[in-house]
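Using the hints, build the complex out of the two chains.
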Amino acid sequence: MTDVLHVRNLSLGYGHLTLFRQLSLNVEAGTTLAVLGANGSGKSTFVKSLLGLIPPLSGKYIWPDGRPDDIGYLAQATEFDRRFPIRVRDLVAMGAWRGFGLWSGLGRTARSQVNAALAETGVLALADRPLHTLSGGQLQRTLFARVMLQDAPIILLDEPFTAVDQNTEAHLTSIIDQWRHENRAVIMVVHDLSTILDHCSHALLLGGGEATHGTVQDVVVPERLVAQGYLSQGQASWMFRDLSSCGVQSHV
Amino acid sequence: MFEFFTDMWNYVFMQRAFVATTILSISVAPVGAFLVLRRLSLAGEAMAHAITPGIVIGFVVAGMSVTSLLIGGFIAGIGVASLAALLARRTILRGDASLASLYLIALAMGIFILSAAGSAIPLKSFLFGSILGIDDASMLLLGTVATVTLISFAVLLRPLIVSTCDPVFFESQTRRPWVVEQGFMILLVLNLLAAFKTLGTLMAVGLMILPAAAARYWVSTITAQIFLGFVFALSSCWIGLTMSYLLPDTPSGPAIVLVAGGLFLASALVGPLGFLRNYRQAAEPSDKPAMYSISHGRAS
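Respectively, the protein sequence lines represent chains A and B.
Heads up: the first sequence runs through residues 64 to 315, numbered per our numbering.
Heads up: the second sequence runs through residues 23 to 322, numbered per our numbering.
Excised from the complex, chain B in its bound form (with noise of 0.2 Å):
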């Protein structure tokens, strides 16, 4: 076992995932709590779909380099995010459909320019991440968008936990409550671009949801769930990415997202504010009539 672990590390580009993947559980857990509390976990998933055409472009025009994906990548974000929500406010469509529908034309159009430019990179490493991919560009663009995902949030926490709290009272005591949102939007494009070579597009907000979705059913404050969450996701990327270097041909992505998937099952059935919480209750009757009634869907 100890000679398996020292082979695996004596690879350069599995020490390149191993620090990589730490830095991108730093700087995911923050946004996927919000991502789960705003009640945007498939908003965040249509734009991970949403970049692809941007990186594609960014790729056809200037190759595979860390400046053409974050460009290409930031400008089709925030387009279908601004025309998503010009959509939703000027016309009869409500917002998840207007994303729904801007994020497929994207995903269709990247596809398509893709395999109409006879690509250099294998599709399945697009879609589905390369551990192999992680050159120094892309651990300084990691690094970037983690340093400026945790400087944000130390500055917007308050007002992000007021506004996804109470967005009624946080939108009566600020003049200006689109900064957060837009703020919000750009820090979970920048970490989708961060995440986009070791998960790929289709998996990048894998590592944003599940272990932020599995935190919750263990806790009840918001510190605790961005920290049980980045738990979650160093010990998804760490044995995700073993299960993907004993098995060569399994791109990382899905290794990932999978460990994430079987924390989220386990804490669903086991967590605390999971599956189990009704049983335990049916079994010591407590005071606190509103968690069985709102599991339920009913307000006391």
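Here chain A stands alone, though its shape is the one from the complex (with noise of 0.2 Å):
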């Protein structure tokens, strides 16, 4: 498999706070990379940081093929204007807009584009209505929609699954299984550990100053997490002796 991005040597924080020191990991083209930290451990700054939103203390990104034109972005749901005056299908076309100029209008392959990510995602009866009037679910559902029109090689979420019932969450996993079979790299930051386990190839856990990489076999460990402050003694044991009961494994 190709690498679409290389990163070396991260050093990520604010000012005198470092979150992690010296991270080095390879994304391949057709992996799902889970990102997993407690509260603070730098999750959303290494997204914002791949975006170039955040500079790095140190270290660097490397684009083997050089940094895509798009990158495929879903940002937490908490920095989202839901009553922003306009429809779902505007929203989802969004996702293409620096394709369509200035001036024009969407054209009918843009147009057909929409209403297939629409239908895909399970929202397409629901392309004229004003944003305020969506669900959580509905909402997030557009939000993966506009993420498909952007046809992005690399694809960033930052909890997608937030605020989603459970039947919302099977099925926009199962539209990121796809983009992983369509050779995109998908990076996202996730709390649910079956959902990891049962999605994802590979897995940074942050936390304690500290950045591990590797497969999901390797990293999401009931030691490691433990050690880097995302699950106490107790809750470790519980959790993956309740993950193995209901039969949970990586697919990889």
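These are calculated hints, taken from the structure and not from any lab test.
Accuracy of the hints is not assured; some may be wrong.
[To be verified] Between beta-carbon pairs, the in silico distance windows are:
# : chain 1 : residue 1 : chain 2 : residue 2 : range
1 : B       : S123      : A       : H79       : 18 to 28 Å
2 : B       : T113      : A       : G115      : 22 to 32 Å
3 : A       : D144      : B       : L291      : 22 to 32 Å
4 : B       : F26       : A       : N178      : 26 to 36 Å
5 : A       : S87       : B       : T89       : 44 to 54 Å
6 : A       : K123      : B       : R112      : 20 to 30 Å
7 : B       : T113      : A       : G272      : 25 to 35 Å
8 : B       : V170      : A       : S237      : 46 to 56 Å
9 : B       : T89       : A       : R130      : 45 to 55 Å
[What the hints assert, rightly or not] In silico contact screen, one side only, chain A against chain B (beta carbon under 8 Å); selected entries:
#  : residue
10 : L116
11 : I134
12 : A138
13 : D144
14 : W160
This structure is a prediction, so every number in the text was calculated from the model and none was measured.
All C-beta atoms in this analysis are idealised placements derived from N, C-alpha and C, irrespective of residue type, glycine included.
Here it is as structure tokens:
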């Protein structure tokens, strides 16, 4: 598989606060990297730094094939203005807004792409509804449709399953699996361990000033999760017992 | 009634006032819509006060000319906005407190210099506007600002929509996100300066905020909000100017803004997205749970 991103000796933080130091990893096309860690460990900072919104303290990102023009991105729901007066289909069309030019409207191809993405995420019937009438799950499906329109080789998702029900989460994870099969690289901040074990190939665990990267089987193990402050000893014991009794295993 | 309007239209200064406020309404409608949507309504008010010392210094140095008003006000407005942004970025103070502190200093400085210089123009017309002050140069300023505003919005509309609706997504998609933010701030200052003669420094932002906020109660798309905001702004100006003509001692600024305020309150009461929305929903249960929950500050 081809690498789409190399991270070399990366340290992230704000001013005098260093969140983690000296992270090096490669991200391959067709893989899903889970980013997990306690609150404040630097998960969202890592994603925003990848996007170029926050400069690293040191280290660099190397894009073997050049930085893609478009990086698929889904921010945390709290960073979004749900009362903004636009329709669902217009929000999805934003995924391709740079391709429209300054003056032209949505072409026939773009309109059919928007409809296809809305149908894929199960919200085509809501296409002409104003944004503020959507529930949390409907909005998240809409934002996934926008990521589809971006058609990017690398996709960053920051807590994509916040405030969505189980059915919606299952549907959205199937879309993420599909992206992986389309040979896109997916990096997602996620808290649910069963989702990580079932749908991710690699994991980046942040916490305690450290960053641990590897395959899910190597990283998402009770000892590491406890050592880096993600779980307490008691939580790790019952959670992993519970997960194995449900038959959850890594897919790789 | 017909004679009343004929009499009013016989005055050249009233003809100028109606034309000027029509152009102003076209220009401020998109600026107002985005001020409201970008949650900058109060920042817009602050900027209206922030331009005061520049206008006053320009007036004291070069007299009451459009050039002095434009240069002085523009430098003061952009200066205060930039300094407030610097304070918010480099110090512990948040953006609202930085801007509030600086605009208060600027407003006090402006009024102080105006009084100390023994101004030839009455303070009331400076603060609240005067329809008598619209000369050829003012009309030219209005026309130029409106043209610049409409062309800029044609170019900036898409980036503005994306950056307002989802700022983090916008920043992730462009290498120069500040162009949109700074460009919008420059348009705001230009429109405040254009509105200064008619509405005065205290009321200039009223024609931007109130019609745009009132329009939000009626429509759910950005283009409809800009258009309806223009209709409300134009109605406010024409009715306000007529009121000001009827009562010669009343300045035009408050009259126009009062009418806009009336439209805002009426919209909040009867608009489909105003107070009555929840009553209608209670009467007709629908499959739109988010409308209720958002209005109560809970995301579903």
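Comparing the hints with the structure gives:
1. S123(B) x H79(A): 18 to 28 Å: Holds - the Cβ-Cβ distance for S123(B) and H79(A), about 27 Å, lies within 18 to 28 Å.
2. T113(B) x G115(A): 22 to 32 Å: 25 Å, holds
3. D144(A) x L291(B): 22 to 32 Å: Roughly 25 Å apart at Cβ, these two residues keep to the hinted range, so it holds.
4. F26(B) x N178(A): 26 to 36 Å: Given about 56 Å between the Cβ atoms, the range is violated.
5. S87(A) x T89(B): 44 to 54 Å: Distance hint for S87(A), T89(B) is violated at roughly 59 Å.
6. K123(A) x R112(B): 20 to 30 Å: Given a distance of about 26 Å, which is inside 20 to 30 Å, the answer is holds.
7. T113(B) x G272(A): 25 to 35 Å: 28 Å, holds
8. V170(B) x S237(A): 46 to 56 Å: Once the Cβ atoms are compared, 50 Å apart, the range 46 to 56 Å for S237(A) and V170(B) holds.
9. T89(B) x R130(A): 45 to 55 Å: The hinted range 45 to 55 Å holds for T89(B) and R130(A), with Cβ atoms some 46 Å apart.
10. L116: 5 Å, holds
11. I134: With Cβ-Cβ at 7 Å, under 8 Å, it holds.
12. A138: The hint holds - A138(A) has a Cβ within 8 Å of chain B, the shortest such distance being about 4 Å.
13. D144: 6 Å, holds
14. W160: W160(A) check passes; min Cβ-Cβ to chain B is 6 Å, inside 8 Å.
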